[in-house]
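Asker: Residue numbers (our numbering), protein chains in the order written: chain A, 1 to 373; chain B, 374 to 673.
It is worth saying that the hints were derived from the structure and are not from the lab. C-beta atoms are modelled at their ideal positions from N, C-alpha and C, and glycine is treated no differently. Keep in mind that a hint or two might mislead.
[As the list claims (entries may be wrong)] Derived coverage of chain A by chain B (criterion: at least 3 residues anywhere in the stretch with Cβ under 8 Å from a Cβ of chain B; other residues may be distant):
hint	region
1	198-206
2	215-224
3	232-244
4	264-277
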Amino acid sequence: MRRSVVVVAILAVSVALVLSGCQKKEAGTIKIGVAGAHSGDLASYGLPSVNAAKLVVEAVNAAGGIDGKKVELFVEDDQCKPELATNAAAKLVSDEVVAVIGHICSGATKSALGIYKDSKIITVSPSATTPSLTQSGEYPNFFRTIAPDDAQARLATKFIKETLGLSSLAVLHDKGDYGKGFAELVKQYAESEGIRVVLFEGVNPGAPDYSAVVNKIGNSGAAGVVWGGYHPEASKLVQQMKDKGMDLPFISDDGVKDQTFIEVAGAYAEGVYATGPMDTSSNPLAVKAVADHKAKFGEEPGAFFLNAYAATLAVVNAIDKAGSTDYDAVIKAMRSEYVETPLGKISFDGIGDVIGFGFSVFQVQGGTYVELK
Amino acid sequence: MDFFLKLFLSGTAKGSIYALIALGYTMVYGIVQLINFAHGEVYMIGGFTALIIGGLLFSSGMAVPLVLLLSILAAVVFSAAFGFTIEKLAYKPLREKPRLSALISAIGISMILQNVVLLAQTEKYLSFPSYLPELEFLRPVREYLNSTQFIILVTTAAIMVILTLTIKFTRMGKAMRATAQDKHMAQLVGVDINGVISLTFIIGSALAAVGGVLICSYMGQINYYIGFVAGIKAFVAAVLGGIGSIPGAVLGSFILGWTESLGTGYLSSDYEDAYAFVILILILILKPDGILGKNQKQKV
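All chains, please: the whole structure from these sequences, using the hints.
Answerer: Structure (structure tokens):
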């Protein structure tokens, strides 16, 4: 009957939590908002963040809070809609929160950010990937614990230039949003780095034969091939290249960083490079966070759970290190202090993008993807 | 010149891939005037059969050439059985109905077969092992034409010659031509037209199976959806060459292959399909029955 004891204990703790939430607000609490889609079509993207913030805050309060002050959460729903996001933001401003974990969708985040900026509230999104949110420089109060959409292409280009040292590239894609987007960014970054892009073409996905375009790669004199797209075409390309005796470095994206690619392409896959999200599954904090979630909520955590967990930890840590909730001091701490999170040891750069977590380059070695450090 | 030669040979190889499938397409059309949209799916099923049987035989430790032979044989038998059954179930009851009914039935069969394989096998791409021998004498020129491409080319040529000779010079071929010209008249003079049509589907499906094994070996992968793309291309090739004509299907396939390959090489692969369809439209304007198609007078 030990299990029932545990269940009762968990119930008691959660009831106590709910009750403590109902108590009159203590003057000395630190208020943190959580905003995102908590209902509607995209609720599955937003609800895991609420759970993550609850778990972190529970642990912090159990350990005595920050400098003796308890942390209090304020949860607001925006359904990923920009017009509701501004309402949620206005509500959180009137609640006088210090920081907001959110929002979830890039559009909603953008519409809320101006309000937070005017009220000097730090905003940390676990999931908004639109590059301009940080790169525009408009929002010094904005941070995110996820890599922006263009991070893969930047990393791939950096890898091509610095590690592989290639001077010319053939860039191919499958004409789809994902593949073509990646290919266009690589082309743009490569050219600004002084790498010549000697071939830039889309091919038909699903076609049985790519030998003509492979001939064209050979004829272009490219020193390496970049593929933007998914693995079925990638495996035909590497196979037909190697069958023609062309042994050029082949660099691709997360659509190819898939075990199925290796299963299908077999020996032809050896040596292929692909970028993909860093592997955090073995991080002890991530393992613990997932286990805590299962214990408290009785299910596997959903999307962006670890990102939101890391975001909350980063905010708590920055407030702790700053020694106050002063806006400028906390922002300075966000940018300078590293914190151990389920995503690894992270901090933020000058524009608010995460350092220490993001994409890595992997290479197929001996039939499996190996992260290149 | 070297680049042109490479592109030309790559187009030839591509054309012979299309031709392997287009031959069965055009043959069925020649006899029963039905565009058998399920042909691409029979090709895909041939590939899957060879994958499964080949995998079983290989893991039982059999020698590679024997595995290749037996898995092609299994694919041929299985696909031929599929072709025979499809005709009996989906086309024969509609033979005297308007041609559109059989066409829609063919599209339905195509969808059913895709989904059957999707559910019974997998939605994932699977690796297709190459049991084809690596021809040593092609190794120095593999930049131009590799071993698998060469095997596909030779097979296509052989099948075209054998089919043409069979239809021209054998008794069965004569019965086929008679059925193609006029089913009722052929029946009146004692031709077993049901037998002839079944045989046509069996031969067409068997060819699709051979194509399935060879082309999947070349691509190195298989998926339930491969028949659709290949079927459309082969259909275009067959129409280009004159649907119903066997040398026409091969010629149409090569023209398609060369157009795509040279277009990709000298212009851009972004518009690969556009080149093929521009050529198709031009040829259909100038010669509505295709390059080698017979000019059939419409009876009013």
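Asker: Against each hint, give a clear statement of whether it holds in the structure.
Answerer: Status of each hint after checking the structure:
Closer than 8 Å: that is the beta-carbon criterion, and the region 198-206 of chain A has 5 residues meeting it against chain B, so the requirement of 3 holds. With 4 residues carrying a beta carbon less than 8 Å from a beta carbon of chain B, the region 215-224 of chain A meets the three-residue requirement, and the given coverage holds. For the region 232-244 of chain A, the stated coverage by chain B is satisfied: 6 residues place a CB nearer than 8 Å to a CB of that chain, which reaches the threshold of 3. Coverage of a stretch by a chain is defined here by at least three residues with a beta carbon nearer than 8 Å to that chain's beta carbons; for the region 264-277 of chain A and chain B the count is 4, and the condition holds.
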